[in-house]
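Chemist: So the chains spell out like this:
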Amino acid sequence: QQQVKQSPQSLIVQKGGISIINCAYENTAFDYFPWYQQFPGKGPALLIAIRPDVSEKKEGRFTISFNKSAKQFSLHIMDSQPGDSATYFCAARTDSSYKLIFGSGTRLLVRP
Amino acid sequence: GAVVSQHPSRVICKSGTSVKIECRSLDFQATTMFWYRQFPKKSLMLMATSNEGSKATYEQGVEKDKFLINHASLTLSTLTVTSAHPEDSSFYICSAGLAGPGTQYFGPGTRLLVL
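Here the protein sequences line up with chains A and B, keeping their order. Position 100 of the first sequence, counting from 1, maps to 100 under our numbering, and the rest follow consecutively. Position 94 of the second sequence, counting from 1, maps to 94 under our numbering, and the rest follow consecutively.
The hints are simulated quantities; they were obtained by calculation from the structure and are not laboratory data. Note that beta-carbon positions come from the ideal geometry of N, C-alpha and C, so glycine has one too. Heads up, a few of these hints could be off.
Claimed, not checked - Negatives, chain A to chain B, calculated, CB over 12 Å:
{"hint": "1", "residue": "P8"}
{"hint": "2", "residue": "G17"}
{"hint": "3", "residue": "K68"}
{"hint": "4", "residue": "H76"}
{"hint": "5", "residue": "L100"}
Unchecked claim - In silico contact screen, one side only, chain B against chain A (beta carbon under 7 Å); selected entries:
{"hint": "6", "residue": "S43"}
{"hint": "7", "residue": "Q104"}
{"hint": "8", "residue": "F106"}
{"hint": "9", "residue": "G107"}
{"hint": "10", "residue": "P108"}
What the hints assert, rightly or not - If you anchor each label on the Cβ, the simulated ranges turn out as follows:
{"hint": "11", "chain 1": "B", "residue 1": "E63", "chain 2": "A", "residue 2": "S97", "range": "17 to 27 Å"}
{"hint": "12", "chain 1": "A", "residue 1": "H76", "chain 2": "B", "residue 2": "K20", "range": "38 to 48 Å"}
{"hint": "13", "chain 1": "B", "residue 1": "K14", "chain 2": "A", "residue 2": "N22", "range": "43 to 53 Å"}
{"hint": "14", "chain 1": "B", "residue 1": "P40", "chain 2": "A", "residue 2": "A70", "range": "44 to 54 Å"}
{"hint": "15", "chain 1": "B", "residue 1": "K55", "chain 2": "A", "residue 2": "P8", "range": "38 to 48 Å"}
One chain only, chain A, in its complex shape (with noise of 0.2 Å):
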């Protein structure tokens, strides 16, 4: 009940288009849904994230779609671009704890 699940685990987009990728929870005491952008050799960094009381966020390319009713959440990177690169992961947490649950990641390579 723990698990976030994370899908595609690898994903290969042209430049211009739109990259997509989608995640999964069960536990409805989750209230906090970040994502997180991870270069080699480098840490996650946090790039939007969304509470349960809206249905989508956006900010510039990046935007997170949330579906409170079948537990599920994206993130749609729009205009999608080679520095977009990079290892994508989706988290979840309950307002009661800091401990973030981590999906699998998704690697994301954008053609030129």
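Starting from the known structure of chain A, arrange chain B on it as the hints suggest.
Modeler: Just chain B now, with coordinates in the frame of chain A:
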């Protein structure tokens, strides 16, 4: 934004020696710090949670005598890998959490190679 630093960025040591990794929150006070381990092409595995001035809480399967964590101040936590062995080689990442319903900010990671 919140900045977390780690030192060293990479370390090579001989088997049997101990290695200390520092994690600092540079522009905020972190009530809670976390230590993760990451294997190549894998997700982050939480090792332990540390709160300033108290003992760390270790995740199941993590040897507390092997991985010593000290959180002496609101801006510094250290992870000491004692009597390191080749199987301890990994990428170690810390993160710091802001008080309240804050998010975690990650350090740049430390690459440990035990020969």
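Chemist: Taking the hints in turn, state whether each one holds.
Modeler: Do the hints match the structure? See the list:
1. P8: Non-interface label stands for A/P8: nearest chain B Cβ at 14 Å, farther than 12 Å.
2. G17: 23 Å, holds
3. K68: 18 Å, holds
4. H76: 20 Å, holds
5. L100: Not fine: 6 Å to the nearest Cβ puts A/L100 too close to chain B.
6. S43: With Cβ-Cβ at 5 Å, under 7 Å, it holds.
7. Q104: 6 Å, holds
8. F106: Because about 4 Å separates B/F106 from the closest Cβ in chain A, which is inside the 7 Å limit, the hint holds.
9. G107: Holds. Min distance 5 Å.
10. P108: 5 Å, holds
11. B/E63 x A/S97: 17 to 27 Å: Once the Cβ atoms are compared, 23 Å apart, the range 17 to 27 Å for A/S97 and B/E63 holds.
12. A/H76 x B/K20: 38 to 48 Å: 42 Å, holds
13. B/K14 x A/N22: 43 to 53 Å: 44 Å, holds
14. B/P40 x A/A70: 44 to 54 Å: About 32 Å separates the Cβ atoms of B/P40 and A/A70, which means 44 to 54 Å is violated.
15. B/K55 x A/P8: 38 to 48 Å: About 40 Å separates the Cβ atoms of B/K55 and A/P8, which means 38 to 48 Å holds.
In summary, the numbered hints that this structure violates are 5 and 14.
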